[in-house]
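Visitor: Residue numbers (numbering that gives the first Met the number 0), protein chains in the order written: chain A, 0 to 548; chain B, 0 to 524; chain C, 0 to 279; chain D, 0 to 304.
Since the hints were derived computationally from the structure, they do not count as laboratory data.
What you are looking at is a predicted structure, and each value in this text was computed from that prediction instead of being measured.
It cannot be assumed that every hint is accurate.
[As the list claims (entries may be wrong)] In silico BS3-like pairs for lysine-lysine, Cα to Cα no more than 27 Å straight-line: (1) C:Lys164 / A:Lys266; (2) A:Lys366 / A:Lys354; (3) A:Lys393 / C:Lys164; (4) D:Lys199 / C:Lys164; (5) D:Lys56 / A:Lys73; (6) A:Lys88 / A:Lys73; (7) B:Lys448 / B:Lys481; (8) A:Lys477 / A:Lys274; (9) A:Lys368 / A:Lys354; (10) A:Lys366 / C:Lys164; (11) C:Lys164 / A:Lys368.
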Amino acid sequence: MTDLHPETASPVAQGAAPLLRWEGLSVPLPTGADRPYAVQGLTLDLQQNEVLCLVGESGSGKSVTALATMGLLKGEMSHTSGAIRFGGKDLTSLAPEARRHLTGARLSMVFQEPIASLNPFYTAGAQVSETISTHSTRPAPEIRDKVLALFEEVRLPNPEQIYRAYPHELSGGQCQRVMIASALALDPAVLIADEPTTALDVTTQAQILSLMLTLRDNHRTGILFITHDFGVVSEIADRVAVMRYGELVEIGPREQILTDPQHDYTKTLLAAVPKLAPRASRPVSGDPVLRVESLSKTYRSGGVLRRSRREVQAVLDASLQIRPGETLGVVGESGSGKTTLSQCIIRMVEPTEGKVEIAGQDFLALKGKHLRAARRRVQIIFQDPYTSLDARQKIGDAIAEGPVIHGASTRDATRISHDLLEAVGLDPVAADRYPHEFSGGQRQRICIARALALQPDLLIADESVSALDVSVQAQILKLLSEIQAERGFGMLFVTHDLRVASQICDRICVMQQGRIVESGAPDQLFANAQEAYTRALLAAVPGATRVFG
Amino acid sequence: MITRRTLHKYLMGTTALALTAGGPGKLLAQERPALRIAVDNLWRTMSPMNGLSTTGNRININFYETFTEVDWFNDDTGASVVPKLATSWERDGNIWRFTMREGVMFHNGVEMTAEDAAFTLSEERYRSEEAYEPRGAIYTSNFVRVEAVDRYVLEIETDAPDPNMPQKLSGPQAKIVPKDYYLEVGVDEFGQNPIGTGPYKVTLFRPGEVMTMDAFEDYWGAPAPAASLEWRIVPEYAGRIAGVVAGDYDFAVNIPFDQQEQVRRFDDVVLVNTTAPNYVMFAFNTRPDPEDNPLVDVRLRHAMIQGVDMDTIVQALFGDETFHPAIPFNFPDYGDYYDPDMVDPHPYDPEAARALVEQTDYDGQELIWHITRGFYDNYETAAEIMIAQWAEIGINVRMVVVDNFSLAYQRPFHLLNMSNGTAFIPGDPYQPLWLDWNPNSTRASADWKVWDPTDRFVELGAEFVRAVEFEERRAAYLALSKEWQDVTPGMYMWKRLFSFAHRAGINWTPSSGEMRMYGDYLRIT
Amino acid sequence: MMSRINPITAVAATFLVIVAVLAILGPYAAPHDPYQQNLLSRLTGPAWTEEGSAEFLLGTDRLGRDLLSRLIVGLQMSVGVALLGTTIGAVVGTAVGFVSGHFEGWVDDALMMIVDIQLSLPFILIALTLLAFFGNSLALFILLMGMFGWETYARLTRGLVLSAKRQAYSAAIVSLGATSARLYGRHILPNIASALIVQLTLTVPAIILLETALSFLGLGVQPPNTSLGQILGEGRDYLGSAWWIAVFPGFLIFAITLSVGVVGDALRDRFDPTLKTRRT
Amino acid sequence: MEFWLARTVRMAFTLFVVVTLTFVVLRTSYDPVVAMLGPDATNREIELFRERWNLDKSLIEQYLTYIGNALRGDFGNSFRDGRPVFEVIAERFPYTLWLGGVSYLFAVLIGIPAGILAALYRGSIFDRAIMVVSVVGFALPNFFLGILMILLFALIWQVLPSSGASSWEHVIMPAFALGLTLAGILARFTRSAMLEVLSKTYMLAAQAKGVRPARRALFHALPNAALSVVTIMGLILGNLVAGTVVVETVFAWPGIGRLLVSAISSKDLAVVQALVFVIAAAMVLINLAVDLSYRMLDPRTRRST
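Here chain A stands alone, though its shape is the one from the complex (with noise of 0.2 Å):
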């Protein structure tokens, strides 16, 4: 799937009164934050029938753009200036109940975690009728009828067995495709998304996007779609607003935004947006650091008084190999098996089959003292910088720890430590510094250098880049791949992201319910791809074909 709707940009009649205004918006922060405004001076229209994009990296207030406008704010943040227009009236002046008739019947919202936004109490169906209820004094049975229908429009499979699923028992797809019904039930004027497909696979995330525009096309719609992703806006959007900092920075058609960017912050926004442009693989030679032979993990449920254990294939006969200073990636959608397999490698969890040999010693066979040493050889980064550091360590520590346990003296661990950190871009007068001292991206820099301490021979990326905003994640990118040419240890990059393991890896592992269904250098895999599985997650990559900037 490739651009949804190429030529028909905005029907919009432009100049017509805008369905929502925001003018002067601004919205303070509790004090003692960084800033004294999460919003400020927001002006900003939405038409009817429009795909709104509001673009920014975290921290720049499209999220609490979005909550002000839903009147969703509390505590000192409620205390907006400015006004939100609709129908004639100033939305913050409302009173609270005149306020809240219009919510969820003119102004309907959807989120961005689906299954968080449910309620685990209530089936699916009740959570949806309950919007309609809320609104209108209609029976139930037609409720009922009604609901069925939404959820016939949103594509939702056995509408009838939907109705009564809790949400527990759905997928984040179903979960989302949910709260839109429940979000278009009374056929709202506006409606706001934010970041709804960000928690979602590739495939289903473009699913979705072609789902929202024929809404828009069939209720005429204004929508007011919040995402970090280019990629999303160049499928969706028909104007894209860019915020930084509270403020709004550029607005303007989509194509002048993606093509013809006039603020400078748009510019780096969209030459840091991952492209998919797969590059062939280096050569590499010399022995294997990495080889995995018919792995397997079979994970079972039940105890010892159980009779119907459940088991689950998570990994299943993988097998790959890594040299020095190569990158293997391995792509898949969540539950694929790609995270298993790397805990495997590095034994967080325990293989049930197979073998792994790391730099020509087999990994699986080690115990106590022995399979601590040779743990230096592999090391880890995971994807959520602000777990992975202890919060009670300094940074300078956490790097110096792995020397210290294998060895090293005070002096020799401190030293790596400070040299590491100017490798990865820090001062090192920072190592005295705690880690919530960070940002996201510096931390996954710290977690880089704590994992190059040990010069490790091979380093595995889980999902390393995929919290970070965009621009942040092409410098650690950029900073992995300079090390690795420096120091020639391989890696094996787990990732969901075929853009950043397009650019990154010298051959790609697609897994399929945990199975490595096609392997191959990123050139060839993706101009050649042999699985249907492989064409389709490429097919979703939001703005796949499109150039930025």
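Given chain A, put chains B, C and D in place with the hints provided.
Guide: Chains B, C and D alone, transformed into the frame defined by chain A:
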């Protein structure tokens, strides 16, 4: 303000009116009130000897009756007894012949006869191997034969002439039980569902909670003044006194002395204090067990006696409500035996005490005083003061407060808390002087024994037991008492004080620790 | 948010500091010898009352001992027993939790079964039975207080260790080649310490109250030692006649429990990551 | 099914260990005879008592007999009055059930709504006030509170009966003394459970749907908070039992708390053993019931269709 009490009175008034209108015939029974008494505890069994205890005796005199009864109403020293179920008696050498009252019914409708009276004191019940209530053996140790010779006459033969039998038969061992029923149900069951001849019959007994009694309609004597009695455990003092003040209860027992002044301020509450023939004391462990026991030295014991200002302590703790018997066994309970002018051989004298300590080898070693928690009112308080005073004369005592007597009895200890009843023979010093200190007594024979009676004490004791005539007996008593004091295996601290509170409108005379709710003792206006 | 201290918290914390100082000084802070009896001035009221005397600020007890001084040594005992008991329970429980969380599997099952057994009995029942049947001594008493709450620490620690073990930082440290001892001692313990400290603020007042309840039943700290619970328990009969004997220790127990609770709440707010704003 | 089987086996094992431990602790601690018979008991009396209660047999023999009888549901007779212990306990149990029930109801009816309101109006004066009262409930030793109430309501104002259990008026003070602590714990716990739920995205989503505040609180937040509140409701039953020991003594309430205290002080081994068993069994069953209701309440553990 309408309180519950005034409301209660109002409601009672209308009820009474309604009843009067209903029919005068029933009035008599209805006029007798139901009394509720808040007690601190109830003993686990009510069988007369197995359940021998302050909390048992306090209430079971309302359903058991004895051969004779101490007449507390007319003589508050407790030295005189009057006929009860026995109407007359005579002694012929070693044989006593008692004639029992006719027409006395047990609560189960069976007439009380000499057979029952004889069984009560029988070998089978008290002295045989398989005795039902073996504690009775001590109380009847000189009995040779007990036999009903007629429906209403029984004979008691003793091993030597015993001039005090009628007095002795006012004691707990002489509470007459129905032979047939007793044998039928056994002593344990009997203790739970007791039957006697008294003015009240037991209707419900739950040890640890409550006992209720109804007036016994077929009682031989004056009808019981209350229609029913309910004895309910209220463990907290605050609950008991609030209960009486608020009208939930008619009586409450155990009013701590320190609280009495406050209780006196309530208009509707009457406070009654009385002493009982029982002396709170401690025993010295005079035996070399533990081996290094410094108290084997009598000088140290005398020093300790002389080192505490017991009069002041008792005054502080109980005011004038009770007293410290400075000279053991010279108790005012003993009528003619009592000599108010006797000179104390070991008076309070810290200087002398210190000098005595100097003479001994005592090196300041810690002496352990085992005390059973809360058993005697104010005991721990007195102990704290005494320990402070002993510290002044250089004797180091530590109190170890334990939960019960079996822990208190566990060696090693140097001092042990106890009390001594004095009324086994009303008006005669036999019990505290000989019964409880003789070589067969628990104090001289149990695992926890505190002394080995001297040969002289045993010899003098035998003489005292044989003495029948007053002068002879008095001389023997004085000699025995002197020997005891030369050894000093303990100290008598004060005469036990019992206190009660009851609502106004009741005229009640206490009889030592007992609560007699009949006859002259209880008048309800 | 971190820098602002609620005035109530400040008052509570100040009060606790005073209590701590008094408890440490103990008899040295007492204006009179706490054991000195004076039968002539029994039951003297607090200095400001009619029956009071300037000599005894808070009055005297039934033996004429200075109540203020008694309260100070009682405080020392109560706080000491509570802290010691808490420490024993926390150390044992935390150790059990670590063992359980480390080994998982049957070791965990067995240890948690023991925890279940203790949980199936209200602690006062255990305390009453043991004290009454084994006799009471200060050593047994403290040991018993140490038995109190260990199971809470065991369960808490176990849960925290299990979740910390699954945190990315633990995985990273294990993959550095660290020993378990290093992981637990240097990383997990400091990280879960805050939750344990919050739990401490719940255990300390609980033990003070438990000691009070046991004193009421006559099984608390025994004379000549004294504790707040014991003074209160003794004073309860005097509420109508010499109220100060019960009211002051009652108030002190109340104020300590309250303050520890307030400070504990503040600590919880400070430590609880869910209350921290990490929103964009 | 397997879950319940495992639970039952575990429960039975827990109770077995409790019974055994109690037996060992009580029978090895010391001889109950002197405590039972009083300070003046003679040797012969003590001997007879031992024979009567099999205390003269070896410990193993006593244990086997005890367990054998216990398995048949016979926990022996009270040393104190010779009646079957279960009869003694059964007599007292309704009183504790009554007092405990009223206190519990009081705690639930006051504590939970207070906690909910405090959470909904977090940071308000109202919230502070509720929290202060709840801490007071926890911090005030309940016997002190009880005696204070007796002095005020029975002695001085005379509006409530001082002690005993003969009418509904009698239950007011003990239930309050007992329930206040529980209400305090419940209020605090409900508050934090509610606060946690209120911060969930689905609460924001419900608000975005325009659902009324009251409905949000009652239909969206409460059922989810109830899951953790149910757990604590089981746990505080332990506090309840502990509280009855003291409160029943203060108010002369003839329940099992009083029975326990008096059985312990009179060393009635049979009753203490049976009471420990009964209380442990009740606690274990209650926890089972809590698990059960938790599973019934939580849709994640049940299946739709």
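Visitor: Regarding the pair Lys368 (chain A) and Lys354 (chain A), is the alpha-carbon distance no greater than 27 Å?
Guide: Status holds; Cα separation ~20 Å.
Visitor: Please verify whether Lys164 (chain C) and Lys368 (chain A) have alpha carbons no more than 27 Å apart.
Guide: holds (19 Å)
Visitor: Please verify whether Lys164 (chain C) and Lys266 (chain A) have alpha carbons no more than 27 Å apart.
Guide: violated (42 Å)
Visitor: Between the alpha carbons of Lys448 (chain B) and Lys481 (chain B), is the straight-line distance 27 Å or under?
Guide: holds (21 Å)
Visitor: Going straight from one Cα to the other, do Lys393 (chain A) and Lys164 (chain C) come out at no more than 27 Å?
Guide: Within the cut-off at roughly 20 Å; holds.
Visitor: Is the Cα-Cα distance between Lys88 (chain A) and Lys73 (chain A) 27 Å or less?
Guide: At roughly 22 Å apart (the allowed maximum being 27 Å), Lys73 (chain A) and Lys88 (chain A) satisfy the hint.
Visitor: Holds or violated: Lys477 (chain A) and Lys274 (chain A), Cα atoms, limit 27 Å.
Guide: holds (14 Å)
Visitor: When you check the alpha-carbon spacing of Lys199 (chain D) and Lys164 (chain C), does it fall within 27 Å?
Guide: Measuring from Cα to Cα gives roughly 25 Å; hence the hint holds.
Visitor: Would the hint linking Lys56 (chain D) and Lys73 (chain A) be met if the CA-CA limit is 27 Å?
Guide: violated (73 Å)
Visitor: Are the Cα atoms of Lys366 (chain A) and Lys164 (chain C) separated by 27 Å or less?
Guide: Holds, at roughly 19 Å.
Visitor: Would the hint linking Lys366 (chain A) and Lys354 (chain A) be met if the CA-CA limit is 27 Å?
Guide: holds (15 Å)
Of the numbered hints given earlier, the model fails hints 1 and 5; all others are met.
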